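A.B. asks: Got chain A; can you put chain B on it based on the hints?
Number of protein chains: 2
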Amino acid sequence: MTNEFDLIARYFSRPAPAAYLGVGDDCALMPPAPGMELAASTDLLIEGRHFFSNAEPRALGHKALAVNLSDLAAMGARPVACLLGLSLPELRPDWLEAFADGYYALADAAGCPLVGGDTTRSPSCIVISVTVLGHVPVGQALRRDAAREGDDIWVSGTLGAADIALRLLAGELPPDPQLLAATRAALERPEPPLELGAALAGVAHAALDISDGLLQDLGHILKASACGAQLDYASLPVAEALAGLPQALQRQAVLGGGDVYQLCFTAAAARRDEILALARRCGSRVSRIGCITAGPGALQVLDEGGRPIAPLPAGFDHFN
Amino acid sequence: MTNEFDLIARYFSRPAPAAYLGVGDDCALMPPAPGMELAASTDLLIEGRHFFSNAEPRALGHKALAVNLSDLAAMGARPVACLLGLSLPELRPDWLEAFADGYYALADAAGCPLVGGDTTRSPSCIVISVTVLGHVPVGQALRRDAAREGDDIWVSGTLGAADIALRLLAGELPPDPQLLAATRAALERPEPPLELGAALAGVAHAALDISDGLLQDLGHILKASACGAQLDYASLPVAEALAGLPQALQRQAVLGGGDVYQLCFTAAAARRDEILALARRCGSRVSRIGCITAGPGALQVLDEGGRPIAPLPAGFDHFN
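For the protein sequence lines, the chains are A and B, in the order given. Residue 0 is where the first sequence starts when you use numbering that gives the first Met the number 0, and the numbers rise one by one after that. Residue 0 is where the second sequence starts when you use numbering that gives the first Met the number 0, and the numbers rise one by one after that.
Just so you know, the hints here were simulated from the structure itself, not pulled from any lab data. Everything numeric in this text was worked out from a predicted model, so none of it was measured. Hints are not guaranteed to be accurate.
[Stated by the list, open to error] So, partial list: chain B residues that the calculated Cβ filter (under 10 Å) puts toward chain A:
#, residue
1, A80
2, V114
3, D117
4, S128
5, G133
6, A140
7, A206
8, A223
By construction, the Cβ of each residue, glycine as well, lies at the ideal position given by its N, Cα and C atoms.
One chain only, chain A, in its complex shape:
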């Protein structure tokens, strides 16, 4: 019995590549990939929790996929396919079309075809579930437990803009249309560095995406790898839009702000030139921000004068 919610599915049934079996059967099918490990990640995005109810649907479609692609990049994996679960309290064709457009535009750009999904009515809020699948050559994945003492610590992109946009939209900062205009894309249309991530497989050691904030996420590497870290604040790639803001707010946004969807990774010092060259090839900015130390769990951030910043932004002192 075709019902209105089967109709939703029509927005998400563009054909998959010829080698795949896409939307419409019990499962999607993808061809074998000899020598490749399969990487998989899933995320739930809930209205009112992960995005505002009035979020622009095209940007939301983009971001729902982007945050998952970011997990593939952080593993050094290239995208293979994605699956989308979507539950909506009401049918709004204009909303659906814009969401699907944003989603497909990124899926096409990333080479990550939508091959399966599920659409249902939700009794209350919008629920988006995305699962991404990717390939990484056997043994080359960028795992959190692979950092080594003496490794350089790098980040891609810039830091802080998404956090400022979030604070502006949440009313935590006084309205500032110019600042919002300069930071909003970082929050709403993140562009995970997929080429860079794949190029780092087999070159870098540990990596993850900065979805929860630099210090918190770097803390995951330190814990999994049983080592410490020292960062130089002056070397951090602060987003330009933050230039005029008070120092404490800048530091909070740069060190603690999440939703970045760029990579933090570690690599042997001997590979510096190689990493700079491959980042250039991939069109990604990378910055060397510190080094991995022996002390398990110890995390220091030195200010411009070489003195440890203390206390670190709220909530991060427990890594010390």
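C.D. replies: Same frame as chain A, now just chain B:
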């Protein structure tokens, strides 16, 4: 920053098999499988829509995975791994523990380790998202578009019990504790025929699971394969518990009732003995219920006297 919802994740971080990288990194990793196509399916289950708010959490954990494993069985794929997204309005450790127990018990039995996931707070209802991954030998998947004129039509298991249980629980039928006791397990603890599904790969033609009801689901095969079907009602495996019910209710439950999570499949008549033998080996009951005909979209169900049942249960006449 560890928060209460990170603690939820601890209920779902049992170790994955040694060849896998499980929960705890940006992605899960699984080893290559030469000669195998990758099958993937995802489902969203929303409180108040797919399950009652007072659903027993152990049974819910079981069912959330079972309905997805059923999609793998219907493709002829063997389970490889699963990912779980869980969003809850409140933290109830007893609920979580029972849900996780039910989920893991089936995951273990099915050889489908949980390798990744996402847990978050939901502003309102419980949301469960499950993605399953499986392998099927290249070219042997059981696709909906593979039925051929003259094929036998088979179903596994029995039909109708889940629908009766659902009607009892929803108050559509007068309370009948004995009938509920006899039908409830079919609704709440479905056991998808994984061994049978995998054994049918390369033997059967088309297959799907009967999640939406026999006629509706068979209709998907007929549409995808551009053919018709004739069923003999007398050959349908009606669940024993339905024996005393009025004929019209029985027919509605058997032909239209969903939530069955058994297979409907087609195969060449020459393979009857082989199919009966492999079903016996797999411990599955299979029944031959009709045949595929030429007429695209035509779907007839003959009664015990060989006359077409008309009208078919509400909502199914549009296949004719």
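A.B. asks: Are the hints correct? Go through all of them and say.
C.D. replies: Hint-by-hint comparison with the structure:
For B/A80, the interface hint holds, since its Cβ comes within 10 Å of a Cβ in chain A; the closest pair sits about 7 Å apart. Annotation: interface hint on B/V114 holds; nearest CB of chain A at approximately 7 Å, less than 10 Å. Hint on B/D117 holds. Least Cβ distance to chain A is approximately 5 Å, under the 10 Å limit. Taken as an interface hint, B/S128 checks out: its beta carbon lies about 4 Å from the nearest beta carbon of chain A, inside 10 Å.
At about 7 Å, the closest approach between the beta carbon of B/G133 and any beta carbon in chain A falls short of 10 Å, and the interface hint on this residue holds. Because the beta carbon of B/A140 sits about 6 Å from the nearest beta carbon in chain A, less than 10 Å, this interface hint is met. Proximity of B/A206 to chain A holds as hinted, the smallest CB-CB distance being about 8 Å (cut-off 10 Å). Because the beta carbon of B/A223 sits about 7 Å from the nearest beta carbon in chain A, less than 10 Å, this interface hint is met.
Checked against the numbered hints listed earlier, the structure breaks none of them; every hint is satisfied.
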